[in-house]
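Asker: Put together the whole structure using the sequences plus the hints.
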Amino acid sequence: MVSIIIGAILGNLLVIVSVMRHRKLRIITNYFVVSLAFADMLVAVAVMTFNASVQLTGRWNFGYFMCDAWNSLDVYFSSASILHLCCISVDRYYAIVKPLKYPINMTKKVVAFMLFATWASPALISFVPIFFGWYTTEENQGFRNQHPDVCEFKVNIWRSIEKLQFGKTSLPMIEIFRKVSRRHRPRPRVCRACFSELKPFPLLLLFYNFSINLYFRGGFRETFFQPGKK
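Each residue of the sequence shown is one higher than the last, beginning at 3 in my numbering.
BS3-like mimics (lysine-lysine), calculated; alpha carbons at most 25 Å apart, straight line:
hint	residue 1	residue 2
1	Lys100	Lys111
2	Lys103	Lys26
3	Lys110	Lys100
4	Lys100	Lys26
5	Lys111	Lys26
6	Lys110	Lys26
Quick caveat, the hints were computed from the structure, so don't treat them as lab data.
Answerer: Quick look at the structure:
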C-alpha cells in the first residue's frame, strides 16, 4: 500500500512538473491534464493514507469528524477526476471534429470556467450530504456513535440513486469518442490495377467493390464511381 501511495504521488507530480518546465507542453489540453494529475495526487495524499492506516491497524483511529472528512474527500476527489475526464473528452472532440472552431470556442476563460465547475460541483455531492448526515441510514448513524473506532461508508437508497445518476457522466465521454471514431474512420485504398483488370467483368467489379466496403463499412458510392481515387 505504501509503495502504491508513493508511486501515485511521484507519478502525478512528474506530470505536473513536466508541463511546468517545458513551454511546448503548456497547451489548453494539458491544463486539464495537470488539474487531473493534481486531483489524483490528492487522492493518494488525503484518501489512500487513511486507508493504509485502517489496513495496518484494523481500526479507525481518528474520530467521528475525521471519518466524515475522509469519506467526503474520497467522494470529492473521485468525482473531480471523473469530471476532468469529461472535460478532456469535450476538448478533444472540438480539436478533432471542429478544428477551425476550436481556438474560438476553447479559450483560456472557457477552460478556467470548466475547471472551476469541475472542482466546485463535486462538493455538492460529497461534503454537504456527508456532514449533514443525509447520505446514510439512521441505523448506521447509531452504530457509528456506539463504535467510534469503525468508519464505514454506508449509503441509503436515495444516495445510491444519486451516485448512479452522477455515474452517467461517463455516457457523454462514450458518445464523444464514438463520434470522433466515426469522423476518422479509415477509407479503403483502391487498387487501380485491380480495376483495370476487372473492367471487362462488371459482376466481378461489383463484387470487388462490395467486398472492400463490407470490410471498411462505408464509402461504397465513392469507391465504385471513382475507381482511380485513393
